[in-house]
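There are 2 protein chains.
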Amino acid sequence: MKATILAVGTELLFGQVINTNAAYLSSRLQLLGVDVLYHFTVGDNPARAASALERSIAETDLVITSGGLGPTQDDLTKEIIAEVMGVNLVLDEGVLSSIEEFFREIGREMTANNRKQALIPEGASVFYNDVGTAPGFMIEKNGKTVVALPGPPRELHHLFQKDVLPYLERRTDGVIRYKLLRFYGIGESSLESKLTPLIDGQTDPTIATYAKEGECAVRIASKRKTGEEALAVVDAMEERVKNLVGEFLYSDDDRELSAVVAAKLMARNLTIASAESCTGGLFADSLIAVPGVSKSFDRGYITYSNESKIDLLGVPKDIIETFGAVSEETAVAMAEGARERAGTDIGVSVTGVAGSDGGSAEKPVGVAWICVCGANGRKTKKLVTRDRGRNLNRHIFMLEMMNQVNRYLSSQI
Amino acid sequence: MKATILAVGTELLFGQVINTNAAYLSSRLQLLGVDVLYHFTVGDNPARAASALERSIAETDLVITSGGLGPTQDDLTKEIIAEVMGVNLVLDEGVLSSIEEFFREIGREMTANNRKQALIPEGASVFYNDVGTAPGFMIEKNGKTVVALPGPPRELHHLFQKDVLPYLERRTDGVIRYKLLRFYGIGESSLESKLTPLIDGQTDPTIATYAKEGECAVRIASKRKTGEEALAVVDAMEERVKNLVGEFLYSDDDRELSAVVAAKLMARNLTIASAESCTGGLFADSLIAVPGVSKSFDRGYITYSNESKIDLLGVPKDIIETFGAVSEETAVAMAEGARERAGTDIGVSVTGVAGSDGGSAEKPVGVAWICVCGANGRKTKKLVTRDRGRNLNRHIFMLEMMNQVNRYLSSQI
Numbered sequence: 001m002k003a004t005i006l007a008v009g010t011e012l013l014f015g016q017v018i019n020t021n022a023a024y025l026s027s028r029l030q031l032l033g034v035d036v037l038y039h040f041t042v043g044d045n046p047a048r049a050a051s052a053l054e055r056s057i058a059e060t061d062l063v064i065t066s067g068g069l070g071p072t073q074d075d076l077t078k079e080i081i082a083e084v085m086g087v088n089l090v091l092d093e094g095v096l097s098s099i100e101e102f103f104r105e106i107g108r109e110m111t112a113n114n115r116k117q118a119l120i121p122e123g124a125s126v127f128y129n130d131v132g133t134a135p136g137f138m139i140e141k142n143g144k145t146v147v148a149l150p151g152p153p154r155e156l157h158h159l160f161q162k163d164v165l166p167y168l169e170r171r172t173d174g175v176i177r178y179k180l181l182r183f184y185g186i187g188e189s190s191l192e193s194k195l196t197p198l199i200d201g202q203t204d205p206t207i208a209t210y211a212k213e214g215e216c217a218v219r220i221a222s223k224r225k226t227g228e229e230a231l232a233v234v235d236a237m238e239e240r241v242k243n244l245v246g247e248f249l250y251s252d253d254d255r256e257l258s259a260v261v262a263a264k265l266m267a268r269n270l271t272i273a274s275a276e277s278c279t280g281g282l283f284a285d286s287l288i289a290v291p292g293v294s295k296s297f298d299r300g301y302i303t304y305s306n307e308s309k310i311d312l313l314g315v316p317k318d319i320i321e322t323f324g325a326v327s328e329e330t331a332v333a334m335a336e337g338a339r340e341r342a343g344t345d346i347g348v349s350v351t352g353v354a355g356s357d358g359g360s361a362e363k364p365v366g367v368a369w370i371c372v373c374g375a376n377g378r379k380t381k382k383l384v385t386r387d388r389g390r391n392l393n394r395h396i397f398m399l400e401m402m403n404q405v406n407r408y409l410s411s412q413i
Numbered sequence: 001m002k003a004t005i006l007a008v009g010t011e012l013l014f015g016q017v018i019n020t021n022a023a024y025l026s027s028r029l030q031l032l033g034v035d036v037l038y039h040f041t042v043g044d045n046p047a048r049a050a051s052a053l054e055r056s057i058a059e060t061d062l063v064i065t066s067g068g069l070g071p072t073q074d075d076l077t078k079e080i081i082a083e084v085m086g087v088n089l090v091l092d093e094g095v096l097s098s099i100e101e102f103f104r105e106i107g108r109e110m111t112a113n114n115r116k117q118a119l120i121p122e123g124a125s126v127f128y129n130d131v132g133t134a135p136g137f138m139i140e141k142n143g144k145t146v147v148a149l150p151g152p153p154r155e156l157h158h159l160f161q162k163d164v165l166p167y168l169e170r171r172t173d174g175v176i177r178y179k180l181l182r183f184y185g186i187g188e189s190s191l192e193s194k195l196t197p198l199i200d201g202q203t204d205p206t207i208a209t210y211a212k213e214g215e216c217a218v219r220i221a222s223k224r225k226t227g228e229e230a231l232a233v234v235d236a237m238e239e240r241v242k243n244l245v246g247e248f249l250y251s252d253d254d255r256e257l258s259a260v261v262a263a264k265l266m267a268r269n270l271t272i273a274s275a276e277s278c279t280g281g282l283f284a285d286s287l288i289a290v291p292g293v294s295k296s297f298d299r300g301y302i303t304y305s306n307e308s309k310i311d312l313l314g315v316p317k318d319i320i321e322t323f324g325a326v327s328e329e330t331a332v333a334m335a336e337g338a339r340e341r342a343g344t345d346i347g348v349s350v351t352g353v354a355g356s357d358g359g360s361a362e363k364p365v366g367v368a369w370i371c372v373c374g375a376n377g378r379k380t381k382k383l384v385t386r387d388r389g390r391n392l393n394r395h396i397f398m399l400e401m402m403n404q405v406n407r408y409l410s411s412q413i
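Going down the list, the sequences are from chains A and B.
Take this note's numbering: the final residue in the first sequence is number 413, and no numbers are missing along the way.
Take this note's numbering: the final residue in the second sequence is number 413, and no numbers are missing along the way.
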């Protein structure tokens, strides 16, 4: 099956909004074996929108539109689809009552133009929208399918998962299952070359690598008659991937490294305290982003200056004077100070040169020392990265702290 | 002038990469008064790419392509443009020697396929690429202009600013200057309605409002014969905007609120310490993201639990027991504790309910207390926001801390 993704909205052509829906839909369609041939964006202009839809229908079997389903004058996607498909718009009582219900719940009066959202092309299947007011729908005619989804990403994702995916799985005669494996400590090109024996000539399951700042990911996907079969194929390939690069794997369900660390701490009833210099709270912030983590993380120290390392963590002044603030010795004293003063099971610290200034020949921008300590002793790590700008450097220092804590926890079973 | 933005790249159709270039180019073209009618994305398929380019040239005066200029087989944009424009590709010696130079500098051998990057459609103006290897170019024929830019956003932005913008300014007969004013504490719809007298019927300068999570912005742009004239028009309009909504303005040069606060602290040689509960280091992290801030910020306290507020900040236990951890009294004790223990000019604190759990009827998710204290006394603020999910709530709490510090500093002149 070949597809076009057609976005409707002048805000996209003004550059006010980045079209993330096209990438979202494309990656999902690719998993289903649907070839996306075009992304197309038009404004709220009826003639151009209709012409773009006609072209898309002529050249591909499936057109998914995003946007233009709202209650206002310039929302014209439904009208265009009805016109091009040669049907009328009819009032859908189910949609109308769900919109009325929505307004009752939020305690606001429903304005007349909201009735417009209950108009649906005759013969279309309606996708009820539980997370907004604009419903989506699907209409088939002469072997062509047009799917209309609302523009807000949260609503689009919801309706795609709930209604479009099951429909496409039926149409494409198979069920897709996939896993996203996340890796730290290996670059994408190195990951790809290690997996070459698995990737080459493989059509199902498919294996694709992705790069993200400081880490990378592998997606394994399979399409089979049933979900169980597809998952079994994915699981088997995951084992083969693990045999090659398992040492770098930290999550097989697309969770962030911080979420993995938080879950391990909570599961083992372990507590941790952080002492951060250049990352300035980024480590603590990433942990606290995980709901429920208060059980394991209740305090952190941001010690940017030498004085604050001495005052808040009890780092001996002569350690800083002898070895420097960015040194293994200072990192150890920081982590041990944090652990001792906070009375936690684990302490973690970082001290480094994030830039843009402050680098020297001996300790250039991009260098950091990290220490993790606990009942099982301590581990230190010197991180040497190329300078990627202050804030990306800081992000990478934080990821390495998470990685060190994760490895410390893994070695502690 | 009417324009199409045509992206070339299978990675976009696979959903591996989000097309941010289209929004970037669109927003710049809009400033120049160029109407963008279409965004179009095709894969590395010669026939479809050529057909898309032909259509784009037929329907619009200006086509800007992004991507497909690299050295590999599937980089086909130049070939397609030469074919559609009916010219040959010729070797550009200037480009060739700059690519050779690039490889000498990074100390790697130049492979043969890199010579391909020095091929340029005959008669095109070359845009030399100082930040990568693939040059861009522009070719005009029969009143139509095709501009080709490399896909990596950093290179595309660079060549657009350096070569495309001056060309378009000449073509559109004028020079654009704009300012981005940023506001906190007023919603976009309210901002827009207050500015209606200025926006309505205005063609130059243009005034556009934008919403961002927790804040919003106004862009004032003018196109005149000279940059000085345009800037004078923008400045005059800025004054009128300030007269209406100046109390909410925090930056007139697109700087973040945290950068504004850091700059004010540094300029006045003031020091600050933070005490954060639910934001977990986000405030400190945002300040430390600003280079040079160590002069004003050297330590922060992350006190997530009641015990840590007592231990690290000296919050009296009976205050927490009497008023609760999320209360004005606790916020005051936290800010004063941070200021006193850190020995800084200013202390700032936050304690709130970020969710997803922990809310109650009395203190629902989205409620936070903030306190700023210093030599000029103290200011407290109860923030009541609707629940937008744990991490967005935390971001908004952090912004409000910045806002309170900013206002405290402004009242302290």
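The set of hints was computed from the structure by calculation and includes no laboratory data.
Each hint should be verified, as a subset may be incorrect.
Copies of one chain are not kept apart here, so a pair can be met inside one copy or by any two copies together.
[As the list claims (entries may be wrong)] Lysine-lysine pairs mimicking DSS-like chemistry, simulated, CA-CA at most 25 Å apart: (1) Lys225 with Lys116; (2) Lys295 with Lys363; (3) Lys295 with Lys317; (4) Lys225 with Lys363; (5) Lys242 with Lys144; (6) Lys317 with Lys382; (7) Lys162 with Lys2.
Using 25 Å as the alpha-carbon threshold, which applies to lysine 242 and lysine 144: within, between, both, or neither? Neither: 42 Å inside a chain and 54 Å across chains, both beyond 25 Å.
State whether the alpha carbon distance between lysine 225 and lysine 363 is at most 25 Å within one copy, between copies, both, or neither. neither (57 Å within a copy, 50 Å between copies)
Quick one: lysine 162 to lysine 2, C-alpha cut-off 25 Å, is that within a copy, between copies, both, or neither? within (21 Å within a copy, 39 Å between copies)
Are the CA atoms of lysine 295 and lysine 363 at most 25 Å apart within a copy, between copies, both, or neither? Intra 37 Å, inter 21 Å, cutoff 25 Å: inter-copy only.
Quick one: lysine 225 to lysine 116, C-alpha cut-off 25 Å, is that within a copy, between copies, both, or neither? The answer is neither: 40 Å in one copy and 45 Å across copies each exceed 25 Å.
Given identical chains, is lysine 295 near lysine 317, meaning Cα to Cα at most 25 Å, within a copy, between copies, both, or neither? between (33 Å within a copy, 20 Å between copies)
Reference check for the pair lysine 317 and lysine 382, CA-CA at most 25 Å: within, between, both, or neither? within (21 Å within a copy, 41 Å between copies)
The structure does not agree with the numbered hints 1, 4, 5 stated previously, though it agrees with the rest.
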